[in-house]
Amino acid sequence: MSARAGDTASPSRPEPWAWLPTRLRPREQQDHERQGRLWRVETAVLAIVFVLLATATVNDVVRQSHINERLIADLRSWRTYTHHDYKNVGVDVLTMGVTTKRDVVCGNTEPGPPNARTQICLVVTGPTVSGRRTVSGGWYLRPYTTDDVFAVRYGCFGSVTMGRCPR
Amino acid sequence: MSAAAAREPLPVGLGRARWAPAAASVCGLLVLAATVEIVLDGAVEHSALIPKQPAIAGWLSGIGERLGYRVFLIALLVAVGAYAGVLWLVSRMGEGAMSKRFAIALIAVLHAVLFVGPVLISTDVFSYIAYARMGVEHGLNPYLHGPSAIPHDEVFRYVGHDWRRTPTAYGPLYTLLSYPLAPLGLRGALWAMKLEALLASIGTLVLVWRCALARGFEPMFALVAVALNPLYLIYGLGGSHNDLLMMLAMMGAVALMLAPRPTGRREAGAAAVIVAGALIKATVAVLLPFMVLARRRVAPVLGALAAIVAGALIAYAAFGSHGVDVVSALNRDAAFVSTDSFANEIAHLFGKPGVFPIDHDLLKVALVLIVAHLLWRTWRGYDWIAASGWSLLAISVTSTWLLAWYILWPLPLAVVSRDRRLLVATLAIQGLFVVHQISPLLVPVK
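Line by line, the protein sequences give chains F and P. What the first sequence shows, in numbering that gives the first Met the number 0, is residues 0 to 166, in sequence order. What the second sequence shows, in numbering that gives the first Met the number 0, is residues 0 to 445, in sequence order.
In isolation and in its complexed conformation, chain F is listed as follows:
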């Protein structure tokens, strides 16, 4: 089916680009996309890019699933260590570095709304054994602390902190 009139420029107007070599001259908008050599090259490049993006996406889903398995172990470790079965426990994989796999798990020390009580943060390290990981240390945060940074930590404990609050 062809495009309607008005969709393409008028073919009768004078050619202002005649001074350009033929290969550089503009062409009027085509009613149908020509499937020549350039079209095939573009399609091949698109297919390669799609394969790359699809591979990266699947790889990331698998990676995220492994991280989720680690987070489940982190939460279980926090609940076992504190003997609190709270729902609102947060895991931070960034504070101690993304690649270290040392996660920081924070939650209330007593019942209450999320972040509304003194928080205990545990640094969880090592492989998952029996669904849990090793608690290597930690610190406390005052209620309603939003940013877990060096300046607001206190009562630091455990081997990972060496008795000093980690920066």
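There could be a bad hint or two in this list.
Covered by chain F, per the in silico footprint, the following chain P stretches (three or more residues, Cβ under 8 Å) [to be verified]: (1) 347–361; (2) 377–390; (3) 431–439.
FRET-style restraints, in silico, Cβ to Cβ [claimed, not checked]: (4) F155(P) x T144(F): 14 to 22 Å; (5) E14(F) x R164(P): 53 to 61 Å; (6) R260(P) x H31(F): 20 to 28 Å; (7) T98(F) x V434(P): 19 to 27 Å; (8) L37(F) x G319(P): 41 to 49 Å; (9) S64(F) x P356(P): 26 to 34 Å; (10) G57(P) x N67(F): 27 to 35 Å; (11) V44(F) x R164(P): 34 to 42 Å; (12) T99(F) x F101(P): 55 to 63 Å.
Lysine-lysine pairs mimicking DSS-like chemistry, simulated, CA-CA at most 25 Å apart [as the list claims (entries may be wrong)]: (13) K100(F) x K351(P); (14) K86(F) x K100(F); (15) K363(P) x K351(P); (16) K51(P) x K86(F); (17) K445(P) x K86(F); (18) K100(F) x K445(P); (19) K445(P) x K51(P).
If you are wondering where the hints come from, they were derived from the structure by calculation, not from laboratory data. Only a predicted model underlies this, so the values are computations on that prediction, with no experimental measurement involved. Ideal Cβ positions, reconstructed from N, Cα and C, are used throughout, including at glycine.
Use these hints to put chain P onto chain F, whose structure you have.
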């Protein structure tokens, strides 16, 4: 097969299939059911997927359960599957698969459900309201201050944590359009924003239909490809994003250019509408060079220049030099990295922890090369609408800050373009985005 021919209904094989209309209806109703499920569960209380918000949908809260990742992802996957089914059937049979009346009724109900429901997924709408209230109620320039400048305003607690110190990156026209909503109060402004998104969506869909007709394509296919798209519905309309307003301007310009009798005035108007769209959200400006190259006339250039001058003067008068400096806001946002960005995924694929500054530079170079190739192709006769759509798709794929509603940008162009590959690529990228969401379904964290 040419793009136009490929888009025509092909009754052979399915032409006498009596089950096809019923199957298309079931698929359409599944999209509706999935959307209703998300809205009803989202109305219960805020979850990780539903931003903290005033209880505007409280009357719906007694029906569903708190929305968790599992239910959300299952509903999303059902909607995606049903959408694929509708697309396939309508691409084969056109209105033979789904009547115009049924499609319009379905789309109207979907819009109504999302309108009365809570804000889904994103806190952006509260940033829009905060910037408006900063300017109108507090006398602050939203191009200089973030919402943290109004901590005692009732909207502040609803603004996303990451955006509280960030001045607005939206265009001055959008900021000015949002100013009349500020005195309505938080709830009034929120309803007005939802209404604005609803009307923008309806306008975009009407224009998609008209543009498809103007190009001789099957309009039913174009309509359902946009209107039943799960990302368009749940993320775009559900989040009341101003991207819908930008897409309305984009399709308005395309409709003007596809008018039966193109005149210099219409072409100048189309270019001015693109500039107006860019003064809402800058991304749409990418259409302008393609439009100018395709027409090679003075009118669009003059129309764009006039709109740029008018827009700059208004922006300067309202917000000073910061209101005009869209480039620095874009540069700031371009430095952000989202977990869903393809750049981040590729970095992980190659064993890197994330995106580095050199990667930002490489992505910018790649984007420039792609746009340059498309400009050359347009000069040599390639469909400028398709080239614009590819550019928008390239912007979202190369962006390190990719959000679901960014990959909606090329969709309305893809359904009216002459290059079928654009639609396939857009839907494929959207499919990858959805796949990237599913890890909580595979290994749920409790």
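Review point. Between K86(F) and K100(F), is the straight-line Cα distance small enough, at 25 Å or below?
Key: Judged against 25 Å, a Cα distance of about 22 Å means the pair holds.
Practice item. For the pair we were handed, K51(P) and K86(F), check the Cα-Cα distance against 25 Å. Key: holds, 18 Å
Review point. Falls inside 26 to 34 Å, the C-beta gap from S64(F) to P356(P)?
Key: holds, 29 Å
Review point. Honestly, do F155(P) and T144(F) meet the 14 to 22 Å range at C-beta?
Key: Hint holds: Cβ distance 19 Å, inside 14 to 22 Å.
Point to revise | Restraint status (C-alpha distance of K100(F) to K445(P) at most 25 Å) | key: Holds, at roughly 19 Å.
Practice item. Just tell me: holds or violated, for the beta carbon distance of G57(P) and N67(F) against 27 to 35 Å? Key: About 33 Å separates the Cβ atoms of G57(P) and N67(F), which means 27 to 35 Å holds.
**Study point:** Hint check for H31(F) and R260(P) - Cβ pair distance inside 20 to 28 Å
**Key:** holds, 22 Å
Practice item. Assess, step by step, whether the Cα of K445(P) is no farther than 25 Å from the Cα of K86(F), and give holds or violated. Key: holds, 8 Å
Point to revise | 25 Å limit on alpha-carbon distance, applied to hinted pair K445(P) and K51(P) | key: holds, 20 Å
Review point. K363(P) and K351(P): Cα distance at most 25 Å?
Key: holds, 19 Å
Check your understanding: How does the Cβ-Cβ distance of T98(F) and V434(P) compare with 19 to 27 Å: does it lie in that range?
Key -> This hint holds: roughly 25 Å between Cβ atoms.
Review point. Taking the beta carbons of L37(F) and G319(P), is their distance inside 41 to 49 Å?
Key: holds, 47 Å
Every hint from the earlier list agrees with this structure, and none is contradicted.
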